[in-house]
Amino acid sequence: MKLTLKIWRQKDANSKGSMQTYPIDGVDGDMSFLEMLDVLNDGLINQGEDPVVFDHDCREGICGACSLMINGEPHGPDRLITTCQLHMRRFNDGDTIVIEPFRAKAFPVIKDLMVDRSSFERIQHAGGYISVNTSGNTIDANAIPIEKEDADASFNAAACIGCGACVAACKNASAMLFTSAKVSQFALLPQGKVEATRRVLNMVEQMDKEGFGNCTNTGACEVECPKGISLENIARMNREYLSASLKG
Amino acid sequence: MISSSIARKVAMALSGLFLVFFLAQHFTINITSVIAPDIFNSWSHFMGTNGLVQGILQPILIFGVIYHFVMGFILEIQNRKARTVRYAQFKGGTNSSWASRNMIITGLVILAFLGLHFYDFWIPEIVHKYIETHPEDPTRYYAETVHKFESPVRVTIYVVSFILLILHLWHGFSSAFQSVGFNNKYSKGLKLFTQIFAVAIPVGFIFIALYHHFNQIPH
Ligand code: SF4
Ligand code: FES
Numbered sequence: 615m616k617l618t619l620k621i622w623r624q625k626d627a628n629s630k631g632s633m634q635t636y637p638i639d640g641v642d643g644d645m646s647f648l649e650m651l652d653v654l655n656d657g658l659i660n661q662g663e664d665p666v667v668f669d670h671d672c673r674e675g676i677c678g679a680c681s682l683m684i685n686g687e688p689h690g691p692d693r694l695i696t697t698c699q700l701h702m703r704r705f706n707d708g709d710t711i712v713i714e715p716f717r718a719k720a721f722p723v724i725k726d727l728m729v730d731r732s733s734f735e736r737i738q739h740a741g742g743y744i745s746v747n748t749s750g751n752t753i754d755a756n757a758i759p760i761e762k763e764d765a766d767a768s769f770n771a772a773a774c775i776g777c778g779a780c781v782a783a784c785k786n787a788s789a790m791l792f793t794s795a796k797v798s799q800f801a802l803l804p805q806g807k808v809e810a811t812r813r814v815l816n817m818v819e820q821m822d823k824e825g826f827g828n829c830t831n832t833g834a835c836e837v838e839c840p841k842g843i844s845l846e847n848i849a850r851m852n853r854e855y856l857s858a859s860l861k862g
Numbered sequence: 008m009i010s011s012s013i014a015r016k017v018a019m020a021l022s023g024l025f026l027v028f029f030l031a032q033h034f035t036i037n038i039t040s041v042i043a044p045d046i047f048n049s050w051s052h053f054m055g056t057n058g059l060v061q062g063i064l065q066p067i068l069i070f071g072v073i074y075h076f077v078m079g080f081i082l083e084i085q086n087r088k089a090r091t092v093r094y095a096q097f098k099g100g101t102n103s104s105w106a107s108r109n110m111i112i113t114g115l116v117i118l119a120f121l122g123l124h125f126y127d128f129w130i131p132e133i134v135h136k137y138i139e140t141h142p143e144d145p146t147r148y149y150a151e152t153v154h155k156f157e158s159p160v161r162v163t164i165y166v167v168s169f170i171l172l173i174l175h176l177w178h179g180f181s182s183a184f185q186s187v188g189f190n191n192k193y194s195k196g197l198k199l200f201t202q203i204f205a206v207a208i209p210v211g212f213i214f215i216a217l218y219h220h221f222n223q224i225p226h
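Protein sequences appear in the order of chains Y and W. The opening residue of the first sequence carries number 615 in the working numbering; numbering runs sequentially from there. The opening residue of the second sequence carries number 8 in the working numbering; numbering runs sequentially from there.
Just so you know, the hints here were simulated from the structure itself, not pulled from any lab data. Warning: the hint list may mix true and false statements.
[Unchecked claim] Per label pair, the in silico range of CB-to-CB distance:
1) W:I203 x Y:A765: 50 to 56 angstroms
2) Y:I724 x W:G100: 27 to 33 angstroms
3) W:I203 x Y:D626: 49 to 55 angstroms
4) Y:A773 x W:R87: 28 to 34 angstroms
5) Y:T752 x W:W105: 49 to 55 angstroms
6) W:T91 x Y:I744: 32 to 38 angstroms
[What the hints assert, rightly or not] For the chain Y half of the interface with chain W, some residues (derived, Cβ under 10 angstroms), not all of them:
7) T618
8) L619
9) W622
10) G686
11) A720
12) A772
13) A773
14) I775
15) C784
16) E819
17) M821
18) G825
19) T832
20) N852
21) Y855
22) L856
Please read these numbers as outputs of a predicted model, since none were measured by experiment. Backbone N, C-alpha and C define an ideal beta-carbon position, used for all residues, glycine too.
Chain Y extracted, bound-state conformation (with noise of 0.2 angstroms):
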């Protein structure tokens, strides 16, 4: 298959990026799409050019590192799946197929497809993570009673890859299913109930310090989230964080 890639391309985080528009031939159907630009690649290395960035790791959906707009969505058209998990079948003969970095002030481009989500990571130190005692006497987590629902959507809300396509899909650039997800995983466990107050009020102020916009319940993040996590899990930060700060 032939296709005709538009492509961001930015030198680092200080120049300024354009689109740029590169022929590729012999595309197969089941590669997978970060194969097909490993081959895109290869072509710019042997004719002597800069290959593209772009950021991946495990290919196989659990690392969330592969982040990739692809013709206006993030991880492409279809659902409940990452970027190394679409398969270049999904597209035809002589399609255009623009790729850009996941935009946000708060993921600044590194160079050309990758950017840095570093923001993610000090949303977490601010307050995911729980107290337990490791001086010899540790209870096992499987002896404590957890009632069955609360263990599944706990469960579902861990699902998070921290990929950032919520992010990335939201007019609002917006991190509230991320934080949210990770906020809900602890909040519904009994584990994480000791800071569940500090958690959540510092997971969010952390969030609003990142500079990511507000939240204002489009859905959007929920639809192209490649784990499914639901909006529910932003409900219930909304509930955490009400509650939290009439606790003061």
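Given chain Y, put chain W with the ligands in place with the hints provided.
Only chain W with the ligands this time, still in chain Y's reference frame:
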């Protein structure tokens, strides 16, 4: 607390819910102008002269409106700043509704309409009562209201504004519940109710405007 994104979101939701409640009350009074002009006159007289309504509820309402739109602007500006480089291609339509993405546009039109509405009704009322200090005539309201809908231009502006209000409420009303943390097994039913409300109330207002336009009474 009001500086955090969630606190502002909740404040937008609460002021919005208050305005929805006001809209329902306003509609209830207005619809009597079609059904029973006498009741319309007596309710309008009550609303226009009651100390509690005029001295407390009206200022709260004005504050609610101003708060909702000023905060709406502030949030919109912040949100634009959160993405400094725009996408070359952005398919918002595949993952969210037009109404949810364009609250600022529908909101601005409603705001402009409120300006006209104040000019049409509120300012003349103030002039009538406090500047020209006419003695209160409890039967004046019906004819005054009906005459306002004589102009086809004004009626057209009213109709267009109410169509945009449908879009604003379509997203805003149910969204307010999510913002205050209400998302559970009742949310589906609640959403249906909010969407029926979002269509029915503005359509009702449109009906009232058109009804009076086509059933003018002599001056
Ligand atoms: S909530 Fe979903 S879209 Fe957002 S970072 Fe987590 S996995 Fe990615
Ligand atoms: S490369 Fe790890 S999720 Fe795609």
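Tested hints:
no., hint, result
1, W:I203 x Y:A765: 50 to 56 angstroms, "violated, 37 angstroms"
2, Y:I724 x W:G100: 27 to 33 angstroms, "holds, 30 angstroms"
3, W:I203 x Y:D626: 49 to 55 angstroms, "holds, 53 angstroms"
4, Y:A773 x W:R87: 28 to 34 angstroms, "holds, 31 angstroms"
5, Y:T752 x W:W105: 49 to 55 angstroms, "holds, 52 angstroms"
6, W:T91 x Y:I744: 32 to 38 angstroms, "holds, 36 angstroms"
7, T618, "violated, 14 angstroms"
8, L619, "violated, 13 angstroms"
9, W622, "holds, 8 angstroms"
10, G686, "holds, 3 angstroms"
11, A720, "holds, 7 angstroms"
12, A772, "violated, 19 angstroms"
13, A773, "violated, 18 angstroms"
14, I775, "violated, 18 angstroms"
15, C784, "holds, 9 angstroms"
16, E819, "holds, 7 angstroms"
17, M821, "holds, 7 angstroms"
18, G825, "holds, 6 angstroms"
19, T832, "holds, 4 angstroms"
20, N852, "holds, 4 angstroms"
21, Y855, "holds, 5 angstroms"
22, L856, "holds, 6 angstroms"
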